[in-house]
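Can you build the whole structure from these sequences, using the hints too?
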Amino acid sequence: MFEQFSRGYYLGRLYVERRDDAAAAMCREQHERVNEQLYASGDGVERTDYPLVMKLGSQHFAVHGDEEVPADTLVVPEPMLEDANVRNPPSLEEVFLAKADHAAQLLSISEGTPTLPDTAV
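Counting from 48, one number per residue, gives the positions in the sequence shown under our numbering.
Source of the hints: derived by calculation from the structure; they are not laboratory data. Glycine included, C-beta positions come from ideal geometry on N, C-alpha and C. Any given hint could be a false lead.
Claimed, not checked - Estimated spans, in silico, between C-beta atoms of each pair: (1) SER105 - ARG65: 17 to 27 Å; (2) LEU58 - GLN152: 15 to 25 Å; (3) ARG54 - GLU115: 27 to 37 Å; (4) GLU114 - ARG65: 13 to 23 Å; (5) ARG54 - GLY104: 14 to 24 Å; (6) ARG54 - GLU114: 25 to 35 Å; (7) GLU50 - GLU79: 11 to 21 Å.
This is how it looks when you write it as structure tokens:
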């Protein structure tokens with residue numbers, strides 16, 4: 048789903064759709080799998096419900112898992128679609144996923160967003 052892109056990001060392609068909710072989300076099963084593979088430290092039992100940090104256009108945001116979101120799909124609030132210049136959703140778009148250490152930094156400087164625990168970095 049995501050492949051190595053740079054020192055700070057993985058790159059993936061997801062269908063981006065509009066969502067009425069104020070939070071971004073993706074398929075819960077895929078969210079947990081990506082969280083386990085890319086964010087877990089490997090030091091025992093890991094939580095897989097921490098938010099992933101993605102970048103669409105120039106905007107970073109936390110992404111949670113949601114059972115109602117189809118596989119290979121990212122749902123985002125309308126203002127994010129406009130900021131990222133996503134036209135006529137659903138649309139297949141390149142999405143950047145911040146690596147664990149970069150994600151922790153981004154979440155810690157975002158207003159009102161929980162940070163990843165030290166063990167996940």
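Structure-based check of each hint:
| no. | hint | in the structure |
| --- | --- | --- |
| 1 | SER105 - ARG65: 17 to 27 Å | holds (19 Å) |
| 2 | LEU58 - GLN152: 15 to 25 Å | holds (19 Å) |
| 3 | ARG54 - GLU115: 27 to 37 Å | holds (34 Å) |
| 4 | GLU114 - ARG65: 13 to 23 Å | holds (19 Å) |
| 5 | ARG54 - GLY104: 14 to 24 Å | holds (20 Å) |
| 6 | ARG54 - GLU114: 25 to 35 Å | holds (33 Å) |
| 7 | GLU50 - GLU79: 11 to 21 Å | holds (19 Å) |
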